[in-house]
Each structure stands twice: as structure tokens, then as C-alpha cells.
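Residue numbers (our numbering), protein chains in the order written: chain A, 12 to 159; chain B, 12 to 159; chain C, 252 to 748; chain D, 252 to 748.
Derived from the structure by calculation, the hints contain no laboratory data.
Note that this is a predicted model, so its numbers are computed, not measured.
C-beta atoms are modelled at their ideal positions from N, C-alpha and C, and glycine is treated no differently.
Treat the hints with care, as some may be off.
[Unchecked claim] Derived lysine-lysine pairs resembling DSS-like cross-links, with alpha carbons at most 25 angstroms apart: (1) C/Lys715 / C/Lys680; (2) C/Lys307 / D/Lys591; (3) C/Lys389 / C/Lys591; (4) C/Lys436 / B/Lys60; (5) D/Lys710 / C/Lys680; (6) A/Lys110 / D/Lys307; (7) C/Lys526 / B/Lys110; (8) A/Lys60 / A/Lys110.
[Claimed, not checked] Footprint (simulated), chain C over chain B, 3 or more residues, beta carbon under 8 angstroms: (9) 18 to 29; (10) 32 to 44; (11) 47 to 60; (12) 99 to 108.
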Amino acid sequence: MKNKPTVITGTVGVDAHVIGTKIISRALRDAGIAVVELGAQTAPEEFIKAAQETDADALMMSSLYGMAEIDLQGFKEKCLEAGLEGVLLYIGGILGVSKHDFEEDEKKFKEMGFDRVYPPQADIHGAINDLLGDLAARGKLYELTANI
Amino acid sequence: MKNKPTVITGTVGVDAHVIGTKIISRALRDAGIAVVELGAQTAPEEFIKAAQETDADALMMSSLYGMAEIDLQGFKEKCLEAGLEGVLLYIGGILGVSKHDFEEDEKKFKEMGFDRVYPPQADIHGAINDLLGDLAARGKLYELTANI
Amino acid sequence: MMISVRQKQIDEEEFLAMRKDVLSLWPTGKEVELDEAVEYQRNLPDSKKFYKVLQKVHDEGRMVLFPRSGTPIVEDEIELVHTLNDLGIPLIPFTTDSYTRNLQFDKAQRGLEESIKSGRPMLNGYPIVNHGVHTTRKVVEACDAAFDPRCSRLANSLVGEIAFASGMTAMPNSFFGWIGGYDKKATVEECIQTSQYLGRLIGYYASKGVIITTDCHGWLPNGVIPMSVNIATQIIEALISVEQGVKCVMPQVNLQGNMAQDLADIRATPRLYRKYLDKLGYDDVIIPGIVGSQVPLYPFPQDMGSAFGYIVYTATVAALGQVDACFVKTIDEALGIPTKESHVESYRSAKWVFDVVRTQHFEVDSEDIRQEEMITETEVTAILDRVLDLGDGDVAVGAVKAVESGMLDSPFSINVHARDEVLGVRDLKGACRYLEFGNLPIPEDIKQFHRDRIAEREKSEGRKMDYYSSIDDFWAISEGRLLGRSSGRPKSHGSNS
Amino acid sequence: MMISVRQKQIDEEEFLAMRKDVLSLWPTGKEVELDEAVEYQRNLPDSKKFYKVLQKVHDEGRMVLFPRSGTPIVEDEIELVHTLNDLGIPLIPFTTDSYTRNLQFDKAQRGLEESIKSGRPMLNGYPIVNHGVHTTRKVVEACDAAFDPRCSRLANSLVGEIAFASGMTAMPNSFFGWIGGYDKKATVEECIQTSQYLGRLIGYYASKGVIITTDCHGWLPNGVIPMSVNIATQIIEALISVEQGVKCVMPQVNLQGNMAQDLADIRATPRLYRKYLDKLGYDDVIIPGIVGSQVPLYPFPQDMGSAFGYIVYTATVAALGQVDACFVKTIDEALGIPTKESHVESYRSAKWVFDVVRTQHFEVDSEDIRQEEMITETEVTAILDRVLDLGDGDVAVGAVKAVESGMLDSPFSINVHARDEVLGVRDLKGACRYLEFGNLPIPEDIKQFHRDRIAEREKSEGRKMDYYSSIDDFWAISEGRLLGRSSGRPKSHGSNS
Ligand code: B12
Ligand code: B12
């Protein structure tokens, strides 16, 4: 087994908001995680392709421009077809269009098959803890450190 | 018949907000109207007494501190008892307590017997026109001027 | 006229006698044990001592929001204060209800009971007298804040007694505030006597080493006018208080929208306080900090956006002036008593700029500021010196004579003893100038400066400034302007007038 | 490397040939009759000519709000613009939807039809290509305003053709904006070529006496950094445009929260534009006014109060700097596309301060401002001169080489050809400084100044500034602070890393 988890990052669809996913990628690397950084405006298929090629543990997708729901129609299904049932699906950013309750987004994207859904301006360090926890729960044990 | 209308002004109850009623009194005088200026913190009874003594045409009461409704319980009745059925009752200021629709106030104070109810920050010149109009309607004709 | 009041400390015997009457006004008066109260005050943590908190904020170069609070039910009051604490607010002005202010404690009692029964506040403040010392200490103890209760003349003495015994550590002693805005009929002497009592009470605590802060608000500007009379009367209030033994006074600078004038007043006010305190031998009195206030009593914008604009702009100017605390209104100001939510949103908007601006230590200075500073200083000095002359050195006597003769005057005042002969308008740059000086003892050259500035505007707008221009300027802020637009004065319609 | 692009006006034959391809991208291209369009533009009233309106505002010493607009249904768009007009807004930036920006006109068509059917906007902008010239002229004719459409690289040329033929009188030509924020893969050459087309088109109108304004946004700052690269790249965009015949450019000053720096940039930017336009022989190009912008792309506060605080503070600084137009965000910025209501409330709050502050002609000057001005000017000059050197006087060639070599660089850019090697943090007073200079040609003494200022902060906070400090500062504004607090960088947990 690999000695460190592998995570795919990027913003999905034609979303140009790259700042967040760059920060996430850096934080993951600094936490000792292997990162495949796809950057902004990445098609859902590219995420799947990258996950297959790198035997990734998780996808951390970002979307800020409000069109994630459309961009990700049937994404979970495609993942399964591609044999990625073992891969964790996380998403964050600003998922809805105008001002609204985050709960709606969370419900919606969970139903779409995402394991974790993060609210706007979510703290990435907390998410890294979630990731390591979820992986451990699936028997994928990596040395943890306190204070991430 | 007097050659100019007489109007009683003041803020009712223990309301200390005197700025508005002072401005109103001055505007009325400058418009050639006789004014009996009772000032702030004037009891309802004092309004009635002044109206009787001066054979007034109208009362222009102000209340800003939100307690006008309590202060003016049964005021119209007292006016009738005092034989002031002919006297116009106008009120303005900030009649309700916290932020709310003015329509509520208007309805409430009309039911309480006021002829006209003015919203916060109402323009006094418009009110003077109303007054002269209402008086004319009651056959009390005073020379009007345009542009008040 | 025969003037009975004097600038002289009430002697202890007399004072203790007076206290008996005051405390007998309502049963809870008995809960006040002066020496036990002094002990209680002594043992308060620094975080509840108003002047210590203010000094700390000042020394740290920070600034805090100075809110409003005061709701009848104890639990609600505690919750409200906790909400304010969460916003980082450590100094809490504390409003008493209108019945209390008018000694109508039975009505307050009924209002309180109904409030508790219905669970909704039926009073527009906290009935501190009815609650009494034991209950009010619960509030003080439950909150990590220093309290500053608000009242008006009639109940001032009893409210002070109960507030201090309950552990509140500041209170305004602003008799000119009553003259300007709260008390229709009281004479100036009655107002001074009431404030002397509170001063003496605070002085008694001080003599035992307990420092209670006195905020001085002065004659609140009810219209568009320069702040000189307001500042001069603040200092008179301070002098009356300190003669009674007060050791700590807090100036308030009223921000009226013109930056040059506001920043100048922020600089000049504490300096003028110091000058007269020292000059008259009260050099041991401290000024822990100053509070900026969005107080010129202009009508407020009715729409939320403009209201936020006005609030944040005022907060920004206060931060540039580096005051230590700043009172701002709420977005509901023009509409009614603000909800808790609008308190929070309004304070957040102001607080946002405090840290952002103060961090920058952005130094603003300009010709205009220095000129306004000079004008304010000259006017305040001329007025105060005249008042002292009138009283042959006795500021109390001088104050009475000055109001009577219009040497102290301010527009739209409620009190019948005020002359109400002065009026102001803004000049082309939006600074407040005197249009009518009434009887104010302002030096001729300064008067000419006011006239010239007004003439400048008259020239540029092609109209004479008059009473109605003053009113138009008064409304302007609520319309997002400093300079009012002519609303057209009503023409007389009676042939004979 | 072989660079194909040159700073040289496209000759008419070639240009007219290029136009055919552009206009053939979608049927509505046929609606564009260049000479008829020039006539149409000539007959527009001054109130629809962007540069005339801006000049007028400038000459009157006023300032206006620079909003956002752009909604698919024509009637809605007209209503929105009327709402903005009612707020006194005469200049209207006009957003096109994302499909249009990506040449996906069929998708845009579907979105438009669904919008009309459902009555709700299904596109995040106005699909100007699908609507075409005739329909869009209806919008222009129905509104008393000058329009400034927004697009990205792919559709820039066609959108420009249709917008100008429809009577819109301004458009950004900011290829560095695409590199920084919109286009992941395009090469710098492709970006320059696209902007040369638009410049040439505007130049054609100019040659017939019709002045269309070009706003230059430069390389938008995606993080906490000084504005020098942004200003330098704005000027490069301007130079590329004017060589193609553009006669009117509008600078944008990005307000990042530090007053000294913001006010300095407001002063320096137009002067630097003028300097390089004249130096390179474009002295007939006019600068009708400048727009201040709340643009540094910081995350926004999520609560309404703080959002208003940030908006009004920014508007106040812009007003103090006396810009002619000011773009502010809305209170919904952090949450999603703003509703019409939050547009209105947000703009009202900003507008409230514009008049109040401008009336005062309050002159702010200080050592700090003058110093920041000197720094900005030195940095921008150093960068631009280096770019010109790299291209042996050809700014297009220089720009390509500069990005490639990191002589032009900005953090967190989307484009894969950007180096992304620079980083910034704020100093103790909240001014933005370079933490990592990457390959920027900044003079050594200025670099030392940045280092000293950062060292000052490190000393006072007792921690080293690093990548994470930069991110903390980036978030700070959304928390009501200029200086971020350490969020603690994640420790590596892999033994082998
Ligand atoms: C910067 C910005 C831009 C820049 C982007 C520059 C760049 N290089 O990325 C520019 C100017 C280019 C831009 C363009 C546009 N933008 Co924009 N933009 C913003 C802005 C101001 C900040 C976004 C940002 O960078 N935040 C900072 C980063 C660090 O935070 P973050 O991305 O949220 O990520 C952090 C956390 O959320 C979390 N996180 C994020 N993703 C994930 C995923 C996982 C798994 C986890 C665990 C955590 C996590 O961790 C990250 C690091 O801490 C926001 C509004 C705001 N103030 O928030 C609008 C905003 C996102 N933009 C918006 C819009 C509409 C656009 C445009 C469509 C406008 C237009 N019509 O041209 C275009 C988009 C073009 C396109 N095709 O995408 C809207 C989106 C509306 C909506 N969602 O309904 C917003 C919300 C503004 C608004 N209120 O209108 N934008
Ligand atoms: C100035 C002011 C004061 C001053 C008054 C000074 C003075 N000498 O009058 C001072 C500081 C003393 C004061 C005290 C208090 N105030 Co006060 N005050 C205001 C303020 C800021 C402006 C009022 C004003 O003068 N407006 C300008 C004048 C010219 O307008 P106006 O009075 O409305 O009158 C004009 C029009 O309305 C119209 N009009 C008025 N009446 C009539 C009548 C007729 C017939 C017609 C035709 C027209 C008309 O014509 C007038 C001239 O144009 C308002 C909030 C605001 N910004 O509006 C709060 C406000 C009125 N005050 C308020 C409160 C609560 C108080 C206090 C109770 C606070 C306290 N607990 O101590 C005390 C009241 C004490 C008491 N017993 O009354 C609340 C009232 C809340 C409510 N109604 O629910 C307000 C709304 C502030 C708030 N949002 O909390 N206040």
C-alpha cells in the first residue's frame, strides 16, 4: 500500500475560480499528501481519468460559479462505471446560485453521491482531518499527526 | 368669521420631541395661520382646553416616542364632550413603536377619530395644503395661495 | 434675579440628610447601604470599572463600540448584554424606561409585571428602581462589562444611588441635556442642584477611593450648528461635577458629518476640558478617554442602504479621529425602537471599520482641520470665560445667568427657559456655521468668518440662507447630502400677515 | 522562442478580412453594417457616449456608482437599467453570460428561450450575440445610459462588433485579465491578438470620429500584493489598444483597504498612463476619468453588517481619492449572485457617502501617501521599462517575453503560462508588500523597503511571514481585519516528505 494518500483537486466545468483549489492543493501537499492538481475549468471526465491513472483515494472538487449541479449530473454513476467506488468524493466552494441555505446544497450533493459537502469559505485543514478520518474508517491507515 | 384659521400644535403625553412641532408652528405662522403653540409634553386635556379657549379650527398633534396610542385613548370622545366636533384632528410623527408599516398606524388612528394621519418625516407644507382644503370643504374659506 | 445655587461642595451633614429623602422615594431605596456599597464597588474586577476599561482600550490604541441597552426583564437584559459582549463591547450604556425617569414607579411596576407575564418588554427601558439593588447586582455580576445607566432629571438622584450600589461605574451628569431635550419646565437652578447631588454622591465614593466616571454630554445640538456651545456646556457640567468631588470625566464629541470640523473637535475637546479643569484647580481629575457620537440629532435615512452608509461613514471618521469609544445609531433609527437584530447588524458594520482603520495609524491633517480647531477653541474659550465672568468666577451662578441672557443658547430646545435664538446652516464645504448668533459671546472676527462662509454659499447657490435653509440642511443627511436643497418657504396667504 | 505578435496596427485589408470570419460565427453577425453602425453611433445623444458622460461627471466634481448588470430577458434588462438610472447611475457595465463568453451560442439560445418561457433568468448574463444588433439597440434606446459590455477572450471580437453596432460606447480590452482570471490555456500571443482586433475595431470607429472608451483592468490581483504589476499591465493593455487606433482609455484603481496605498495609487495611476502614452507618441489619446474598484479579489464578509462596513469604507476611500466612478460589490458577494434588492441597498449605501464626502473637498495628504506614491511609481516604471527593453521597444513582444520569464507575474493566476512565483503579505500598517518577488524587475532598494516593512511585522508578531501568512491576510478582510491571524500551517505527516 502507498505510504501516502493521493488526492485529485480542481474546479469543475468551466469554472475559472482557481485560487481556492490552488490553496487546497498546497495545503494537502504540505500535509504530506500526494496531489494531482488539475486546476480550474476541468471537465468531470478529466477528474475520473486522473483518478484511474493515479489510483487516487479521493477527489476534492471545487465549484464557485454556481453551476456545479449542472456540471455534475450523473457524475457518481460515471465514477462507478469507471470502477472508482472506493474513491471519496468531496466538494466545496459556493454550490448554489444566489443567497440561500447551505443545508439545501448539502442535501442535494449528498444525494448526488458526494461523501462530504463543504460550505462557502470552509477551512481546508478541517477537511484534511476529515479525509484522514474517512480513509482510516475504510481501513486505509496513514500516520496521522495532531494539529493539522 | 376670523380672517385666518387657528391651529393648536404640540407633542402629546410626556413626549419630549419638540423639534418637529416647533418647525410646524413656524411654518404655519409663516403661512399666515394663527398658531397656539403648546410645545412638547402636552397632556391631551391641555389640547382640548386650548381649542375651546381659542375656538380653534384644527389640532396638529405630534408624537414620536411611540406611545401616542396609549396617550390618546378616548381622545376623540373627550373632544366631542367638549363640543369640539367641528375641530379637525391631525396627527403625525412616529406613531408606532418598532419598525412597521405606516398603514397600520393610519388605520388605527383614523379609527380613533383622527381626520388625517401623517407618516414619519411627512412634509409640513403638503399638510398645510390639506388643512386649507379640508377647511374649505367645511365651508371655512380662507384666501389660499399657490405654492405653500 | 436672586440665584440660590452656588459652585460649592455640599457639606456631608446636609448631603446625608438629602440622601434620606431621595432613598425614601421608593422601598428599594432601603437596599442602599452606602458603606457596604463602597466595599462592593472596591471588590469589582477591573473589567467592570468603567474608567479602567476605557483606559485599557485607549492604551491599546483600539476603539470599542458604545451601544444602547435597557430592557425591563432581567433575563432579557443579561442576554442582550451577552450579545453585545460577543461583539467585543465592554462598555454598556444602560437606558431606564420613561416611567422611571418621571418617578412614576407604580406605573413602571405594572409595566414590569406585565412584561414578565407576557414575556414581551412593555417598557422602553430597565426599571432600575423597581428592580432595586439586589436584582440589579445580579445583572452586573452576570455580565463581564462596565455599566453606564441613563436617566433624566426627576429620577436622577435615586437612579444614581441604586445604580452605584449595584456596581455600575459610570453615569452621565448632563443637566444641559435636560434643558435641551428632556425637561420642559425645570429651571436651570433645579437642573444644577440635581446634578450637584449626583456629583456629591460620586464624590463620596471617590473619597473612599472608588472612581466612578461621569460622562458629560452638554447641550445637545438639536439642529445644524457648530459644536462650541455643546463643548462649553460639557465643560460646565464637568466643573459642577468635579467641585462635588468627581475625579473622572469623559468628554463626548458629536460627529456632524463634516470631517474637518469633526476631526478638529475630537482634537480640541479633551484639550479644552484639561485647560479649564487645571485652570480652576481640578488638576487631579482624570480623562480616561473620549467617546465619539453620531448624535447631532438629524433625522435618519429611512432606507436600509443609506442608513448603513451614514452609520459606517460616521464610524470611519471616528476611527480616523482615534476616539476610544464610538456610539452609532441603528439602521432602524428613523423607523422605531431597533430590534436586537438591527442592533447587531448595525454595530457589526461600524465595528468592521474600527479595526481596519485603526490598524493603519493613518494620520490625517490639513489646513482646514487646523482652522476649525482654532475656531472651536476660540469660541469655546470666549463662551466659558464669559460664563465665569457672569458669575464672578462662580460657574454655577454664571451658567444660570448665561442661559437666562442667551449667552448660552441652542436651537429647538425643549426647556422654556432657553432663549432659542440661534440658528445654523452649512457652508459650501458642509461645515456648520452660525446663521443667527442670538446672544452668544462670540468674538466679532469669528462672527465675520461665519458670515463670510455663509455668503460664499449664498453666492454659489444664488439664494439667501434663512430659517428654512437651516431646516433643509437639517434634513439633508437623511437624503444623502450635507447641503439641503431649497424646499421653498411657504408664502403667507393672509392679506393681513 | 519565435514570437509572431507585434505592436503594429493591423492594416485595413487584413482587418476587413478578419471581420468576415468573426461575423460569420453566428447569424446575427450579418446584422452588423460597419458604416451604418458608425452613423448610428454618431447620432447617439451625449448621455449615451461613455467618455462624454464620464468627462461631465469629472468636470462637475461628482462621482457615480459603477454597477453590474446583465440579465438574459430584454424587458428585465431594461427594467434593471431603469432601476439603476433611478439611483443616479449613468454608466452601465453590462455582463454577458458564460456560454456566450465560450462561443456556445446554441446553449445560450436554449438558455434564452427557457428564460423567456419560464420568465426567470436561466443565464448569468445577457446573451448579446443571440439577441443581435436590432434587439440590443432596443435596450440602448430604451435607457438613458452609456453601456460597457463585459466578455472574455473567446467571444471578445464578435461581442465587440455587435455591442458597438448596437450603440454601446465602451468596452474593456484587458488581455491580462484573461491571463489572470479567465483563460486557462490561451497563450499570451493569442490574448494580445484578440485584444488587437478589438482595438482595431474601436480604432476604425475613431477614424470616423466616433470615440469608444477602452477600460483597462490589467492583471487582476488574486491575492494580497502591491498594485504595481496591475498598473503596469493596465498600461501595456492601453498601449496595445491605442496602437490599433483607440483614442480614449479609462484606468481602474483597485482599492485594497490600506488608505495610504489606495490614495497613492489613485494619484499615480493616471499620471503613469499619461507618461507612457506621451513617451511612446500617443499624446492625442484622452483619459476622460478613472474608476475606483473594490476589486482585490478578497473573500467577502458573510454577514450583512460587515459586508456593508466593507462596501461603505471602500466607497469612502474612493470618494476621498476623488475618483470619478466607483465599483463596489454587493452585500451578497460572499453568498451568490446578488438579488436586485441587494444591488439597490448596496449601491445606496455607497452612494450615500459619495455626495457627503465629495461636497467637503476634504484634502488628505501625508508622508505615508507620498511615500507609497513614490514606491508605486518607481516599481511601475521599472517594470514597464524592462518590458519595453525585452521587446527592443516593441511592447507586444516585450509583454510575451515578460510573462514567459516572470518579469510580469501575479499570484494564483489561472493561466498555465503564468509563473505564479510572487506572493505578498501586509505590513504592520496594513499596506501590501511583496514577500516573494519571483522574477519581477523591482529595484534592489525598493525590495529592501518591502523586506524591512515585513521584518517590522515579523518582529512585532513574533512569527515569520510565509505562504500561510499571505493566505491569512487574504482572508482577513472577510473577518473585519487587515492583518490576518496565524491559522497555523499544517504539519507534514508523511515520514518521507
Ligand atoms: C476571486 C473571484 C473571481 C476571480 C477569480 C480569479 C481566479 N484566479 O480564481 C474572477 C474575477 C476571475 C472571477 C470571475 C467570475 N466570477 Co467570481 N468571484 C471571486 C470571489 C470574489 C472570490 C473567490 C475566491 O477566490 N475566494 C477565495 C478562495 C480561497 O476561497 P474558495 O475558492 O471558496 O476556496 C476555499 C474554501 O471555500 C474551501 N474550498 C473550496 N473548494 C473546496 C472543495 C473541498 C473539497 C474542500 C474541502 C474545501 C473547499 O477551501 C478553499 C481554501 O480555503 C467570489 C466572491 C467572494 N468574495 O467570495 C466571486 C464569485 C465566486 N464569482 C462569481 C461569478 C458570478 C463570477 C463570474 C461568472 C462573473 C462573470 N459573469 O464574469 C466569473 C466566472 C467566470 C467563470 N467561467 O468561472 C460569483 C458566483 C455566484 C454564484 N455561485 O452563484 C461570486 C460568488 C461573486 C458573486 N456573489 O457574484 N471571480
Ligand atoms: C432628536 C431626537 C431626540 C432628542 C429630542 C430633542 C428635542 N429637543 O426634541 C432627544 C435626544 C432628547 C431624544 C430623546 C428620546 N428619544 Co428620540 N429621537 C430623536 C430623533 C433622532 C429625531 C427626531 C426629530 O427631531 N426629527 C426631526 C423633526 C423635524 O421631525 P419630526 O419630529 O418627525 O417632525 C416632522 C415631520 O414628522 C412632520 N410632523 C411631525 N408631527 C406632525 C404632526 C402633523 C399633524 C403633521 C401634519 C406633520 C407632522 O413635520 C415635522 C417637521 O417637518 C429620532 C430618530 C430619527 N432620526 O428620526 C429619535 C426617536 C424619535 N427617539 C426615540 C426615543 C425612544 C427617545 C427616548 C425615549 C430615548 C430614551 N429612552 O431616552 C427619549 C424620549 C424622552 C421622552 N420622554 O420623549 C425613538 C422613538 C421610537 C419609537 N417611536 O418607537 C426614535 C425614533 C429613535 C429610535 N429609533 O429609537 N430624541
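Against the structure, test the hints numbered earlier, and report the numbers of the ones violated in rising order. 2, 5, 6, 7 and 8
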